[in-house]
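Each chain, written out:
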Amino acid sequence: MNRVNINRYKDLAFQVVGIISTLVGLVLLAIFIFSIIKEGIARIDLDFLSSLPSRKAEKAGILTAWTGTMWIFFLTAIISITIGVAAGVYLEEYAKKNWFNNLLEINISNLAGVPSVIYGILGLEIFVRTMRLGGSLLAGSFTLSLLIMPIIIVATREALKAVPSTIREAAYGLGASKWQTTSMQVLPAAAGGISTGVILALSRAVGETAPLIVIGALAYVPFVAKSPMDEFTVLPMQIFNWTSRPDHDFVINAAAGIIILLGITFLLNGIAVYLRNRWQKKISW
Amino acid sequence: MSETLNNEQLALNNLREDVEEMMQSVLAQFTKAQEALLNCDTNLAQEILSMEKKINSMDLRLDKSCENILALYSPLASNLRYTMAVMSISAQLERIADHAVGIAEYIDEGIIDEPYEDDILEKVKFKEMFETAISMIDDAIYSFINEDTNIVKWVFGKDKTLNKINKQTSDLIAALCKKNPKKVKQLLYLFSIMKKLERVGDLAKNIAEETVFYVDAKIIKHKKKKKYMP
Amino acid sequence: MAEENKLVEKPGNAPPEMEDNKFVITTHDANVYYGNTHAIKDVNIEIKANTVTAFIGPSGCGKSTFLRLFNRMNDYIESFRMTGDVVVNGQNIYHDKIRVEELRKKVGMVFQKPNPFPKSIFENVAFGLKIMGRKKKSELHEIVEKSLIQAALWDEVKDDLNKSALALSGGQQQRLCIARALAVEPTVLLMDEPASALDPISSAKIEELIFNLKQNYTIVIVTHNMSQAGRVSDKTAFFYLGELIEYGKTKNLFTNPEEELTERYITGRFG
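Sequences listed follow chains H, X and E, in order. Residue numbers are given in the numbering used here: position 11 of the first sequence equals residue 11, and the series is strictly consecutive. Residue numbers are given in the numbering used here: position 201 of the second sequence equals residue 1201, and the series is strictly consecutive. Residue numbers are given in the numbering used here: position 34 of the third sequence equals residue 2034, and the series is strictly consecutive.
Chain H extracted, bound-state conformation:
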């Protein structure tokens, strides 16, 4: 068998391995989604979506949970995007490139790998106790913002790095100040990359449970949160809570909750990607 044939067989072998690997993942995912849907789809109706939780499985609903998730999502989005993007812009465009800032850059990336529970503990001490915010939505979103901040900062910096320096040069050459250059040319050009990072970060925040448990989000919240200072619960917590009940009906509720959580995640991601694509059309690379 000569060289060319050996290479061809290797090629084919790799393709087969690749296809199998992909299929394994897809098939398992499909089984999971299918079984969840089979388990819980029947339970989903308007009552389920609009009812408060209760000890009786038939009456229990996820109103507080999904409204809590939406609250957490929007509050975290506002806080983390503002602070994260600003920090990213400052670090990339304004800060001097010395050893200190290089150290900072490495450590911010490291923070992304810290277990989310640690952030919960941090949040508990700073936001819940010291700032006396209690187990509120505000404390929860501040905590989650800390958690996803490194992702947003890194994504912002990478997106800014990807904007060619010739763009900045052109702007400076026309007499633009640093701020004008950054805000009017560099940021819009980096928006695509930044929003991708933001979407990823927020998706993670929506699914987080551990830090929220630590800061004191409750599993049983029989009212809808109306202000950022209210106590709350989120879908992942509600689902976890239901799965630990012996009653099989609650398991069905949990399945239904999972479907809703997946649906919300897909919906939020979808809207974000749509918005990003619309923005991208204005800036055509």
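No lab work stands behind these hints: they were computed from the structure. Fair warning: there could be bad hints in the mix.
As the list claims (entries may be wrong) - The calculated lysine-lysine pairs, modelled on DSSO-like cross-linking and capped at a C-alpha distance of 27 angstroms, are: (1) Lys161/H x Lys2163/E; (2) Lys2113/E x Lys178/H; (3) Lys96/H x Lys2097/E; (4) Lys2251/E x Lys178/H; (5) Lys2251/E x Lys1064/X; (6) Lys2130/E x Lys178/H; (7) Lys2249/E x Lys161/H; (8) Lys2235/E x Lys1218/X; (9) Lys1226/X x Lys1167/X; (10) Lys1223/X x Lys1164/X; (11) Lys2130/E x Lys161/H; (12) Lys2251/E x Lys1218/X; (13) Lys2251/E x Lys1223/X; (14) Lys178/H x Lys2106/E.
What the hints assert, rightly or not - Here are the in silico distance ranges between beta carbons for each label pair: (15) Val114/H x Asn2225/E: 55 to 63 angstroms; (16) Asp2096/E x Gln280/H: 38 to 46 angstroms; (17) Gly2035/E x Glu169/H: 19 to 27 angstroms; (18) Leu28/H x His2141/E: 40 to 48 angstroms.
What the hints assert, rightly or not - What the simulated footprint calls covered on chain H by chain E, stretch by stretch (three residues with Cβ under 8 angstroms from a Cβ of chain E suffice, anywhere in the stretch; the number is not a length): (19) 163 to 170; (20) 176 to 183.
These numbers come from a predicted model, not from an experiment. Beta carbons: idealized from backbone N, C-alpha and C, even for Gly.
With the hints as your guide, set chains X and E onto chain H.
For chains X and E alone, kept in the frame of chain H given last:
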């Protein structure tokens, strides 16, 4: 000076070789013409005539090479001046060669069928004029090939000599015609040959001027050549 | 020369001005250092208004660095340091009181590789105006049109100014960058090898443009294309290893340069 080797440099090197070849050929033609005339040698005359085509083709080839160099390489500074100088020089050389052929034709066609008498030649200072003309061509060629503008002085000095002789030529020939009425025809041809020599001197002077243009970037034609006079 | 043109302190906040200047750009003993590297050595030059000056020289000789002194674009390099005077439009531009943004509106720049913003044609040309605070739509449209006409691009793009600038060809993009620079009404236009990334026809269009712009602007162009320098410039400055070797009328420099180094460079005999 280490020379970069590229097409432009190669072309200029070839141009240099070709112009030197034409220069030597034309000098040889003219020198032969002197001998052929003094000895009335028809064989030598025919040699001169047979070279005519070759020299004309050298002229055409030099013109073509210069045209190519200008078109392809847009030469600058000394390269430009060299190319321009060669274009002019090849035309001057071709005219010098033409005069040599003219003299050869007189001999070959039997218009001059016997050598001139020495005392006649003495009277009009013919040999001196011919020698001067040849040495002017030689000097002009030497100064161009060696890029030496000092030699140019000699050319202009000798041109003065030529002009001095030339001033008296018509009177002297007229006097000789009166004395030797049977030889009027030969004397007239002698006169025309001496006019040719005077023109050849001018042509050699032009070549010297091109050398000054090339080496010193100075255009001295039509001007008083104070700096370049001996 | 140094005695005639003295810098005079002005009252208040204005930067010092030059007495009696007939030149748009003058440098006195300009030196540039990048850390320990001495990049530009004691360069003295005077550039007249409404002329085209070409800077030529081998790669790394400092011609681009020197060009960028005129609009202080070297400031962005960490290790940059300069000594000497650079006087533009009568003002010493490295003086403390100079505002760099103002300078750059008077001294525009076009770069080697066309670098339009990833926005529409209109937005590109209008950017310079917007950063000056001009907002009125009619005013912007008028100036954008005028600039595009001056840059010989108007006819090709007038039907759709909202098209993305990146959809234009390389030559068109470069003319767009020229229009963008002209929109802020500079007096000097600096061009750093503006045609080197373009095909011969686009390059020829740029040369034609330079010829027309000369009437209203002073142009300094860095080029390593000798024949281009011959075609477009009135005066040429030859740089080598950071020094200004020779500066004179282009036709003289090209037929009979004074310096042997210049002669060697332009006849291609550099090692």
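We went through each hint and held it up to the structure:
Simply put, Lys161/H and Lys2163/E have alpha-carbon atoms about 26 angstroms apart, close enough for the 27 angstroms limit, and the pair holds. Using a Cα cut-off of 27 angstroms, the hinted pair Lys2113/E and Lys178/H holds, with the two alpha carbons roughly 22 angstroms apart. Distance restraint check for Lys96/H and Lys2097/E: the Cα-Cα separation of roughly 24 angstroms lies within the 27 angstroms cut-off, and the hinted pair is therefore satisfied. Distance check on the hinted pair: Lys2251/E and Lys178/H sit about 43 angstroms apart at the alpha-carbon level, beyond 27 angstroms; violated.
Among the hinted pairs, Lys2251/E with Lys1064/X is consistent with the structure: their alpha-carbon atoms are about 25 angstroms apart, no more than 27 angstroms. Distance check on the hinted pair: Lys2130/E and Lys178/H sit about 15 angstroms apart at the alpha-carbon level, within 27 angstroms; holds. At roughly 44 angstroms between alpha-carbon atoms, Lys2249/E and Lys161/H are farther apart than 27 angstroms, so this suggested pair is violated. Taken as a hint, the Lys2235/E and Lys1218/X pair is honoured in the structure, with Cα atoms around 21 angstroms apart against an allowance of 27 angstroms.
About 22 angstroms separates the Cα atoms of Lys1226/X and Lys1167/X, which keeps this hinted pair within 27 angstroms; it holds. Between the alpha carbons of Lys1223/X and Lys1164/X the distance comes to roughly 20 angstroms, so the proposed pair stays at or under 27 angstroms and holds. This hinted pair checks out: Lys2130/E and Lys161/H have alpha carbons roughly 25 angstroms apart, not beyond 27 angstroms. Between the alpha carbons of Lys2251/E and Lys1218/X the distance comes to roughly 15 angstroms, so the proposed pair stays at or under 27 angstroms and holds.
Taking the CA atoms of Lys2251/E and Lys1223/X, the gap is about 23 angstroms. The hint holds against a cut of 27 angstroms. Distance hint between Lys178/H and Lys2106/E is fulfilled; the C-alpha atoms sit about 18 angstroms from each other, no more than 27 angstroms. Range check, Val114/H to Asn2225/E: about 57 angstroms between beta-carbon atoms, so the 55 to 63 angstroms window is met. For the pair Asp2096/E and Gln280/H, the beta carbons lie near 43 angstroms from each other, so the given range of 38 to 46 angstroms is met.
A C-beta distance of roughly 21 angstroms is found between Gly2035/E and Glu169/H, which places it inside the suggested range of 19 to 27 angstroms. Checking the proposed 40 to 48 angstroms range against Leu28/H and His2141/E shows it is violated: the Cβ atoms sit about 59 angstroms from each other. Chain E is given as covering the segment 163 to 170 of chain H, and this holds because 5 residues of the stretch bring a CB closer than 8 angstroms to a CB of that chain, at least three being needed. For the segment 176 to 183 of chain H, the stated coverage by chain E holds: 3 residues have a C-beta nearer than 8 angstroms to a C-beta of that chain, and at least 3 were required.
Checked against the numbered hints above, the structure breaks hints 4, 7, 18 and satisfies the rest.
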